[in-house]
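Visitor: Just need the whole structure built from these sequences, with the hints factored in.
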Amino acid sequence: MPLKTPMFKAPDLTIQPEAFAGLEVSGIPRGLVCLDALVKKAASRIVLANPVSPGKFLILIDGTVAEVEESLLEAERIAGDQLIDRFFLPFAHSQLEAGVFGLTNVKSDDSLGIVECATTCAGIRSCDAALKASEVQLLVIHLSAGIGGKCWYAFAGELYDVQASVLAATNAIDQGGKLLGSEIIPAPHPEFLESLGLG
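Numbering (our numbering), first residue to last: 3 to 201.
Derived by calculation from the structure, the hints in this document are not laboratory data. Small disclaimer: the values here were computed from a predicted structure and weren't measured. Virtual Cβ for every residue (Gly too), placed ideally from N, Cα, C. Each statement offered as a hint is correct.
Derived DEER-like restraints, expressed as beta-carbon distance ranges:
{"hint": "1", "residue 1": "Phe103", "residue 2": "Leu34", "range": "18 to 24 angstroms"}
{"hint": "2", "residue 1": "Glu193", "residue 2": "Ala68", "range": "47 to 53 angstroms"}
{"hint": "3", "residue 1": "Tyr162", "residue 2": "Ala39", "range": "41 to 47 angstroms"}
{"hint": "4", "residue 1": "Glu137", "residue 2": "Arg79", "range": "37 to 43 angstroms"}
{"hint": "5", "residue 1": "Ala39", "residue 2": "Pro92", "range": "18 to 24 angstroms"}
{"hint": "6", "residue 1": "Phe93", "residue 2": "Glu185", "range": "24 to 30 angstroms"}
{"hint": "7", "residue 1": "Asp111", "residue 2": "Asp83", "range": "43 to 49 angstroms"}
{"hint": "8", "residue 1": "Gly199", "residue 2": "Lys42", "range": "36 to 42 angstroms"}
{"hint": "9", "residue 1": "Gly179", "residue 2": "Lys42", "range": "31 to 37 angstroms"}
{"hint": "10", "residue 1": "Glu196", "residue 2": "Ser28", "range": "35 to 41 angstroms"}
Guide: Here it is, written out as structure tokens:
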């Protein structure tokens, strides 16, 4: 697929992959070299590979734990000092990868948890922790495009579940300023939800 066309078309998710991983590279040329290297190294599936805001290169892959780990390590080695961030999630939560492609189709008037991270990888890593921490439903996860390379996501559930998931999400983010903020809305107004397409 031409790079001028963003590859935000969901892969076949009818079979849940064992592992989900990704990395962000500061330079597009180096990112492309990483992409070539990781598919040569192991039989991981490329989920997404594109330039994203603000001019970095994002790669997401899935597959078996062993394949994904091997591919990711090779890509990290090639990225070198241009590696911005990475994540590796063996047995990622079942909602996560579908959420990346807007396939959640969840509407809710429950309490909301909202988390913003400095990188896409930090966002995905923390979102997985949030979803595993309690009974919440992922509503939206927004990666990089149009927001300066950041990531934000929102999930819904009972207030105590949302509080537990926000805590888990913030604890999962490495130190270094990657957590930009988190908020809880205990009783979102219907008009507010409708304005976001969540009502």
